[in-house]
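Undergrad: Below, each chain spelled out in residue letters.
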Amino acid sequence: VTVENLVEWFNAGNPISMTVQLYLDLQTGLPIDKLLPPALAGFAAGHLLFTVVFILWAVLRLRAVALAPAPGLVHGALPLTRWRWRPRVGNYPMFWKELFTAAGFRLRRLGRITWGVLVPASFLPVLGMLYYEFLGSFDTPAHDVALRMNIWVRVTGTLVACLMLVEVALRAANSVRGERDHQTLDSLLCTPLGAARILAAKWFGSIAGLRRAWLWLGLIGMVGIATGGLDWQAVPALILVWLILATFFASLGLWFSVVSATGQRALVATLLSMVAVTAGHWLIWAVALPMAAWLGGPSSAPDWLIELQALGLTPAVTFAWLAYPPLQAGDWATADWDWALTPIRQGLVCWALGAVLVAVSAGRRFVRAIGPKNAREQKGWAPRLKTLFAGAVPIALAGLFLWFLWHSDSSLDRLRIAVAEADRLDPEWRLEELEDRRKAIAPERNSIFVVSAVADERSWQSVPRWYSGKQWPTREMEWALKDLAPEARLNDIQRRVLQAGLVDVQRALAQARRLADFPDGRYPIAYSKNGVNTLLPHVQRNRILASLLRYDAIWRAEEDAADGALASCRASLNAGRAIGDEPVMVSMLVRMACRALALEAIHRVLAQGEPSEEALAELQRLLEREEAEPLFLIAARGERAIWDRFMNALESGAVSHRELVQVAAMADCQVPLVTHALLLTGLTVKNERAALLRFLTRFVEIAKLPAEERVAPLHEWAEEHKELPSLARCLTGGTTWKPSLMRMADVHAHHDALIRCAVVTTAVERYRRAHGRWPDTLQSLLPQFLARVPKDPYDGQPLRYRIVSDGVVLYSIGPDGQDDGGTNLTQTRVVLRGTSSSEGSDVGFRLWNVEQRRQAPRPILDAPPEDK
Amino acid sequence: MLQLNESRHIFFSVLRRPKLFGPLLIYDLVRTARRKQQIVLRCLYAALLLGAFFFVYAVWAFNHNIPVRDLLAGGTADPNAVADFSETFFLTFLGVQYLGVCFLTPIWTAGAISEEKESRALEFLLATDLRNREIVLSLAVARLINLGLVFLTGLPFLMLLLLLGGIDSDLLLFGFAVTGLTMLSLTTLGIVVSVYASSPRQAVLRTYLWAGGYLVISGLSWLLLVPALGWAGARHRAGRLP
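From first to last, the protein sequence lines are chains H and X. Add 98 to a position in the first sequence, counting from 1, and you land on the number used in the numbering used here. Add 696 to a position in the second sequence, counting from 1, and you land on the number used in the numbering used here.
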């Protein structure tokens, strides 16, 4: 007799090993009809032997066992149990009874043997794996061992957890029915205990009485955690899932226990119902799919429903899925797992609702069965209230705790997903990371020192907008130099006003002109703790400087110093560029404003004179650099980072509610009282932060698109704003923030169009200087004057070019999407003010024939401003 | 004449003894057959088989790209494909039947004696002149017959299926034999557990635990030794397979 024989005999009745053995034997090429008889012979021998042994056993022991004295604590129990500590009965005798006298099976010899075999057997695979690992090759990588242990945890843990659920249901099924069968229910009803307390104790006892099984499952979990087969963070989720499922099955068992006529019926009905609710829903498809195929419908169920059934409504799958190893812990933070977590949550909600409904129904049936009089507590109102309070408070607290866990867990998941999504789509997106990513500029090339030098000039000190009651640029300057026709010279009034204005700041202007040679700048920024309140005092200074240089360019063009005027235009552009790539929307808006001022000045300078080739080439290079700057994307990234920092600070308590109200007021919104209350609980901040982050990540992704592809997604994005949670919607939905972003997108498209036109215009002027005529098409510019013809940001086509009687027009079709032939070009200043979407206008530049430049001055049509 | 009568009496006495089944067999057979669950179980089992049939049919129709409408409209299917469907459903049928037996047998039979205990009728039974074997075998056989009737619900399915071909008669016999043997051994296990259990619930759970424990331990012993012994090859080499 060999070990093989022994194992084979022992396995004679095992259908699984027989099937596997048959399969292995079939692989040897033998026909099945030759294999079945010996397999059946072994199987039959094993089972017949079992049958004979069991029958003989039952026959021989029936009378002896039935007539033996009932085992009590003294006679039948282990010596230790005689000294087992039990608490006093106290005020809750039913709970005490269910927990300490009716808890679980009374294990006699058979039960102890069962436990003694099953529990160690469940750990055999672990021992086997450790045996092969440590006495074997030693070369298995640690993560492989962890994954194998995870398979064991998933299989064994799920089996044990499901067995425990079966035990919960069966205990509950036997609870009331058992009392009836033992004729002790009448005794119970004679006590002052009410129906609710009896049922609640039965319900609670069926869940809490599984102490040994909990120990078993805990051991599996601990072994899993110790060997890397189970992540400790999965344990709370697994416990929560088990508890919710246990409440349902306890309610189900209790219901059948109340309504069934015999204990056996209650048992069968409970087991069948368990199978039906945990697996029966799959049968729907067995019927529905052929019907659907018959009717020509879909040949498979919707994914979401299959996921809900598998992960939410099939407990074994839920347990197995949630028992993830530490190696996969990082994956749970990604959006890829959202598809699995959502159905699990939905399933748990279904189980919890089902538990409540079934438990309520069981209570009603029980009261009906025993009579309403018996159902009442036989006490005064005070103890009843006390009982109610004692029962309701823990339940409420437990419910609150569960809700808190649930909400925290789901909010945390959403936040993890949002952060992971941002990390995946746009790495290094946080404010500190954005700041680190900003271009480093050597001090000798940093234009901010030139700007500072301008600010140091005494005359410049007078420039800030109000000085001794005097505004600069003065109202008179603004009136006289508003809406200048580019091709017309200044009239006497305009010359006088402009000259007077510039004389006031001539020393500062001399410094400011140096900016023409400083195209790069970067200010240091001291971000506030919450990000939103960050001060940017420098940006407005740059804007005024760009305005000053624009006036200078107008003056120099008037004086027929075209090259100098273009240098002022470059300086004006560089005044904006000194802001650099500050990740703040306000900074980018100011930079775009500076850009608009410079473009307007360039338009005028080219209409007034003939700059040299060198000046034009230098301007074109600068314009090309400026055109390549993704200002809109920088602003979008900055807004996301700043708002996330704000929400993070709010979450960590670094932002007080007073500050929140102030920030909300800045955003022109009022935070609802309910939102404040929820924020105080700390439960909703993560959710708000996650939603806002995802919302802004979507905005950043839109900002990455070419301007011509942005319009539709941007409107969809604006619609998504309505779905944000209350605080995020409030902060971003006032009259300032979202409209500013939308307008910025609009203005940025105009600026893209304008600056591309400006680049091509400069190239066309250079061509004219070189060839003495206008180019026939823009293709003629390639490659000497232009590397490529830029696209129109409004339709993705090449920019339009047309030769007219007095010059040429370069234009984009504009926001209305209609080509109006460049006859009605939008003025750049109008674009700056954000009213660019006027109908019937294109966006672009004109160049006049040389003889038609510097036309006669035109009168000012508006009345002069009144002094205040 | 007297001698003849005596001989007849002795002859029938020998036939009567040892009696395996007492009046309890008929009593329990009728009592359990009158339970509503019997009908409900049959309906559920038939519904389960019907569901499995539809499911296998859906998968088969999908794999062979055969719309049901076409078949109902008088279309024909390839006989090989039909045989393939028949074989697949037959195997599914055997699987469902076997799982049903494993699941229901303890529920149906393990409470036999403990129910009597719980209703305090076992003491009265033991007070009669019924022998232990009569009580045990009567209860076991009565439950077994009723449970067998539940599973016979599937026979019409199988009869219809035989018309389609593709079913191996050896496999059919093998499947039913394995199912029957499992039902028999689980019934007797349930009965012996029921002798010791004080309530049907305990008996049912312990039967599951014993059966599961046997499956796990024997399966693990087999699994752990398969790689060490190279079993399939060893059996083949030892000439123990035909």
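The hints are simulated quantities; they were obtained by calculation from the structure and are not laboratory data. Quick reminder that beta carbons are idealized off the backbone N, C-alpha and C, glycines included. Hints should not be assumed to be uniformly reliable.
[What the hints assert, rightly or not] Restraint-style ranges between C-beta atoms, simulated for each label pair:
no.	chain 1	residue 1	chain 2	residue 2	range
1	X	Leu868	H	Trp402	37 to 43 Å
2	X	Cys739	H	Ile337	34 to 40 Å
3	X	Arg727	H	Lys132	16 to 22 Å
4	X	Gly908	H	Gln125	27 to 33 Å
5	H	Leu317	X	Cys739	41 to 47 Å
6	H	Gln125	X	Gly844	40 to 46 Å
7	H	Pro191	X	Gly844	35 to 41 Å
8	X	Ser815	H	Gln125	20 to 26 Å
9	H	Pro135	X	Gly844	21 to 27 Å
10	X	Lys732	H	Trp402	35 to 41 Å
11	X	Ala779	H	Gln281	49 to 55 Å
12	X	Leu848	H	Arg310	58 to 64 Å
Undergrad: Would you mind marking each hint as holding or not holding in the structure?
TA: Hints and how they fare:
1. X:Leu868 / H:Trp402: 37 to 43 Å: 41 Å, holds
2. X:Cys739 / H:Ile337: 34 to 40 Å: 38 Å, holds
3. X:Arg727 / H:Lys132: 16 to 22 Å: Distance hint for Arg727 (chain X), Lys132 (chain H) is violated at roughly 46 Å.
4. X:Gly908 / H:Gln125: 27 to 33 Å: 28 Å, holds
5. H:Leu317 / X:Cys739: 41 to 47 Å: 42 Å, holds
6. H:Gln125 / X:Gly844: 40 to 46 Å: Roughly 35 Å apart at Cβ, these two residues miss the hinted range, so it is violated.
7. H:Pro191 / X:Gly844: 35 to 41 Å: 47 Å, violated
8. X:Ser815 / H:Gln125: 20 to 26 Å: Violated, at about 53 Å.
9. H:Pro135 / X:Gly844: 21 to 27 Å: Once the Cβ atoms are compared, 24 Å apart, the range 21 to 27 Å for Gly844 (chain X) and Pro135 (chain H) holds.
10. X:Lys732 / H:Trp402: 35 to 41 Å: The hinted range 35 to 41 Å holds for Lys732 (chain X) and Trp402 (chain H), with Cβ atoms some 38 Å apart.
11. X:Ala779 / H:Gln281: 49 to 55 Å: 60 Å, violated
12. X:Leu848 / H:Arg310: 58 to 64 Å: 40 Å, violated
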